[in-house]
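Colleague: Sequence:
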Amino acid sequence: MAALTDGLYQILFTNEQLLTAPDARPDTPLMLLPQEDGVHQEWKVTGKGGNAYTISLPDGLMHVSYDGEPDMHEPAILRLEPREWNLIPGQEPDTYQIAVVNAPMRLGLSLLRIYPPRVALAPEYGDRYQAWIFKNIG
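For the sequence shown, this note's numbering assigns the number 1 to the initial residue and increments by one for each residue that follows.
One should not assume that every hint holds.
[Unchecked claim] Derived Cβ-Cβ restraints for the label pairs, each shown as a range: (1) Gly68 with Gly138: 30 to 36 angstroms; (2) Asp59 with Tyr125: 21 to 27 angstroms; (3) Asp94 with Pro34: 31 to 37 angstroms; (4) Ala3 with Arg113: 21 to 27 angstroms; (5) Asn15 with Tyr125: 27 to 33 angstroms; (6) Asp94 with Glu36: 17 to 23 angstroms; (7) Gly60 with Val39: 30 to 36 angstroms; (8) Glu92 with Gly7: 31 to 37 angstroms; (9) Gly47 with Leu112: 27 to 33 angstroms; (10) Ala103 with Asp37: 32 to 38 angstroms; (11) Pro70 with Pro34: 26 to 32 angstroms; (12) Glu124 with Lys48: 20 to 26 angstroms; (13) Asp6 with Pro123: 18 to 24 angstroms.
By construction, these hints were calculated from the structure, which means they are not laboratory data.
Glycine included, C-beta positions come from ideal geometry on N, C-alpha and C.
With the sequences and hints as input, model every part of the structure.
Modeller: Here you go:
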């Protein structure tokens, strides 16, 4: 599978749940929501060489990240500082695992059983559990 090209994407955990930031402020928790107006569900993906990418809001000011060093089940949040992720191609077209650089963790579903579902760092599992769909929108 070819490397992901820079651009704007919707990032889906399933065909119905999109990576969502309800606000564009630091430390806003990332969650999974169906497509909605008024929330941030478009992401700017920028290659940094190899499998390394940053994922940010379209204006490039807030980035998909986590606080401090990677830790199992650490919530995914927005941060001002860019954080690189390894995008590892999945088995299906346009799917990628969003992997922590130099740690055996992926971006996945939080263990918190609340609505809306939260996104957090998760241990590596098989591809079917952690492949995100990157839908190019421009």
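Colleague: Please flag the earlier hints that this structure goes against, numbers listed from lowest up.
Modeller: Result: hints 2, 3, 4, 5, 7, 8 and 13 break, sorted rising.
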